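All chains, full assembly: derive it from the sequences and hints.
Chains W and D, in that order, give the protein sequences.
So for the first sequence, this note's numbering puts the first residue at 1; every next one is plus one.
So for the second sequence, this note's numbering puts the first residue at 1; every next one is plus one.
None of these hints come from the bench; they were simulated from the model.
Please note: incorrect hints may appear among the correct ones.
Stated by the list, open to error - The calculated lysine-lysine pairs, modelled on DSS-like cross-linking and capped at a C-alpha distance of 27 Å, are:
#1 D:K176 - W:K54
#2 D:K353 - D:K365
#3 D:K203 - W:K54
This structure is a prediction, so every number in the text was calculated from the model and none was measured.
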Amino acid sequence: MAAYILRRLVSAIAVMVMVGIFVFLLLRMAPGDPAAIIAGKSATADMIAGIREKLGLNDPMPVQFMHWVRDMLGGDFGTSIFAGRPVLDLMSQRLEPTLSLSMLTMILSVTVGVSFGILAAWRTGGLIDRLLAVFSAFGYSVPVFVIGYFLIYFFAIRTHWLPVQGYLPIESGLGPWFVHLVLPTVALSLGFIAFIARVTRASMLEVLSEDYIRTAAAKGASSYAMLIHHALKNAGVPILTVIGISFAYLIGGVVLTETVFNIPGIGRLVVDAISNRDYPIIQSVLIVTSGLYVLINLTVDLAYTLIDPRIRY
Amino acid sequence: MTVSRRDLIKVGLVTGTALSIPSVLRAQTSPASARTVHMVKGDLRVFDPIWTATNITADHGAAIYDTLFSLDSKFMPRPQMVGKWGVSDDKKTYTFELREGLSWHDGTPVTAADCVASIRRWGQVHPGGQLIMARASDISTKDGKTFTIALKESLGILIDILADLTPPCLFIMREKDANRPATEQVTTNIGSGPFRFNEALAKPGASITYDRNEKYVPRKEPTEGLAGGKVVNVDRVIWDVIADQQTAMAALQAGEVDYVESPPADLFSVIEGDLNLALQVLDKQGWDVVLRMNFLHPPFNNIKARQGVLHLIDQEAFMRIMYPDPKYVDTVTSIFGKDTLVSNEEDTGWYKKGGDPEKAKQLFKEAGYAGEKVVILDPTDWRESDNASQFLAAELRKIGINAELAPMDWGGLTARRAKKDPVENGGWSMFITAEFDYSLGNPLASPLLLANGDDAWYGWPKNDEYEALRAKWADVATLDERKALARKMQPIWWDFVGDVRLGTYVSPVAHRKSLTDLIGMPQIVPMWNMRKASA
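Next up, the structure:
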């Protein structure tokens with residue numbers, strides 16, 4: 001097991017290096033000049049040239065790349081071209097909102113999605129199953145920003161129950177923090193709930209048709225014991241896989257949700273950085289995100305062993 | 001199972017309590033203070049107002065820094081940090097004395113040395129400042145509060161340049177900050193202006209917080225434009241960056257923010273229909289939409305082709321496409337803007353309502369146009385310009401021009417417009433931009449009014465006769481003389497067609513009616529003077 005984890009961690013580093021090279025080259029080849037954006041719409045060519053020189057953007061690409069690698073290895077993620085502040089500071093400012101939104105979304109998606117899927121499988125063809133079918137179609141097909149605007153209109157503008165936008169850090173109190181995350185979490189979760197519920201239902205249906213379930217029923221096991229103790233555990237591997245995939249998709253969904261609900265998270269940071277051509281921010285965020293992605297996959301793989309003892313690495 | 005009436009009441013009470021929790025929590029977390037103003041503005045990416053010419057940074061500069069002179073509502077310069085000033089009889093030496101009570105946010109007093117260093121730094125980048133530096137024989141302090149600018153030859157518009165609103169404006173910084181080169185960003189954010197920058201609450205890309213500078217001593221005169229006393233009537237101003245315009249408007253409607261700088265035009269009717277909201281035009285001069293053409297390559301290296309474009313343009317149609325509400329748009333025929341002190345109607349016979357496509361076609365024929373590709377840079381992330389670019393391409397095609405759109409974001413456009421190569425090698429033929437109407441009133445400050453070839457702004461127009469007249473701008477002292485000079489320059493520009501104007505527009509801001517006394521000036525949205533009534 002330890003050797004497996006070590007192998008995976010080494011491969012994670014290799015992935016991050018590949019991402020780093022790819023992102024660096026892609027950004028430099030894409031059209032756009034951060035110096036021109038900094039200088040402003042009506043700036044003169046002299047002004048832009050001065051800024052380019054100062055930022056080191058006139059250095060040859062290999063030199064820029066070596067400087068970047070050297071700094072990264074030393075733990076220096078660089079300085080934002082625009083704000084003139086360390087990228088690490090900017091990222092740490094944005095990490096809490098994104099993590100808060102992601103965690104709440106996953107908690108809501110997994111609890112509701114798995115429960116919904118189990119109920120639908122248990123009463124297959126019944127009302128709950130049909131409701132799940134309708135809900136899934138809705139959750140898959142309606143984009144998160146449409147759901148977001150809908151929620152804002154009814155729960156913020158019409159009723160004033162919840163705030164339209166913004167984020168308050170957890171240190172300002174659990175209540176205010178939570179209240180600002182209710183609408184974005186619901187908006188972002190709907191698609192994931194639908195996804196997890198459908199997979200849970202399918203996986204449960206397959207397991208529920210097994211002989212040992214019939215045996216358990218014949219022996220008088222309760223519905224609860226049958227569903228949770230016997231069926232769910234054996235249906236767990238595909239569900240866990242889907243939850244892992246959902247985490248990965250979440251990174252993309254967070255960007256839109258953060259924009260609609262004005263949450264100053266990592267997603268907004270990187271989108272703004274792309275439009276500004278703020279290379280150090282884009283590079284750093286993508287490196288960190290890819291590392292996170294690999295770690296989530298690793299965690300999911302390791303979690304399989306807890307659910308299914310037959311799996312060994 | 002039976003449900004009793006008592007059970008129903010219990011369920012009802014629990015449900016009601018649960019539903020009310022969010023609004024109770026929200027009430028506790030809302031910015032309750034009427035002394036805090038939330039303004040939705042653009043993203044303040046750069047904090048040094050000399051390092052960049054962007055307006056959002058100029059707004060930041062106006063909040064935390066102060067200026068030697070300020071323009072009143074009629075665009076006349078008035079002393080701001082300066083207490084007394086004078087000029088020698090030969091008009092070559094200006095002496096300035098700072099007024100009492102000026103201090104930096106770190107508590108140290110503002111000195112003449114700070115002003116001298118600030119002028120020198122600003123003089124590296126501002127076109128008017130560069131002129132001052134070129135003419136100055138000496139800029140030095142006389143004592144702690146007095147400094148002089150000695151000139152090799154007189155400069156009639158020196159005070160106007162010092163007060164100029166076109167970014168980068170002359171904001172006075174501490175000497176140790178101003179001693180840095182203009183190409184190196186100052187990030188300390190310590191000024192002597194009416195607001196202090198709250199470093200602890202600064203979240204670039206999310207929100208920026210300014211606190212009232214309690215130690216600021218405003219001038220005694222009443223506020224008049226940007227001149228007069230900068231009296232702050234609120235304790236805190238927070239700039240919220242809300243990237244999504246719909247969300248910004250929803251936040252305004254819900255009372256979470258007080259002001260939205262750029263409300264979407266398609267929601268104007270919603271704002272007008274809300275009793276709590278108002279639309280207000282702060283910059284009554286607004287923006288001029290400008291079409292730049294590349295003078296270096298065919299077909300626009302030919303004067304006849306440029307004249308063809310001038311005659312083709314139907315300004316009303318362009319404005320309808322860019323800004324559908326006719327209340328906020330107009331046509332413009334003066335190169336100096338629609339409503340500046342030197343706008344004039346000299347040689348504007350080319351203007352024809354609806355444009356003149358037949359004449360345009362004829363002029364392109366006279367230019368010997370042979371189907372060369374015309375590449376229009378199309379910034380798809382600037383919706384109005386994107387619409388106008390597509391319309392321009394369609395209009396050109398109608399008269400037989402081989403127009404092709406090159407879609408890109410604004411960041412891509414800023415890089416490509418600097419290319420002087422032919423279109424086959426990644427160059428360009430045309431792009432649309434916008435310039436403050438106010439800025440076009442000063443050909444020494446606006447780079448768009450240069451016609452000195454390689455040193456001119458993108459498109460690189462060249463006309464020596466026009467440039468010779470533009471050079472005289474620095475020497476004329478009175479407004480009447482400037483107007484006369486402007487009337488001579490304009491016919492030359494329209495003859496060689498340095499650029500083409502597509503119209504002019506003003507952008508209203510949206511605010512809650514509880515926010516009052518906003519100052520309306522071009523370029524800068526000041527935060528002093530405004531008041532917020534209790535909700």
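Hint-by-hint comparison with the structure:
Pair hint D:K176 plus W:K54 holds up; C-alpha atoms about 19 Å apart against a cutoff of 27 Å. Proposed proximity of D:K353 and D:K365 is supported: the alpha carbons are some 22 Å apart, at most 27 Å. Between D:K203 and W:K54 the CA atoms are separated by roughly 24 Å; this keeps the pair inside 27 Å, and the hint holds.
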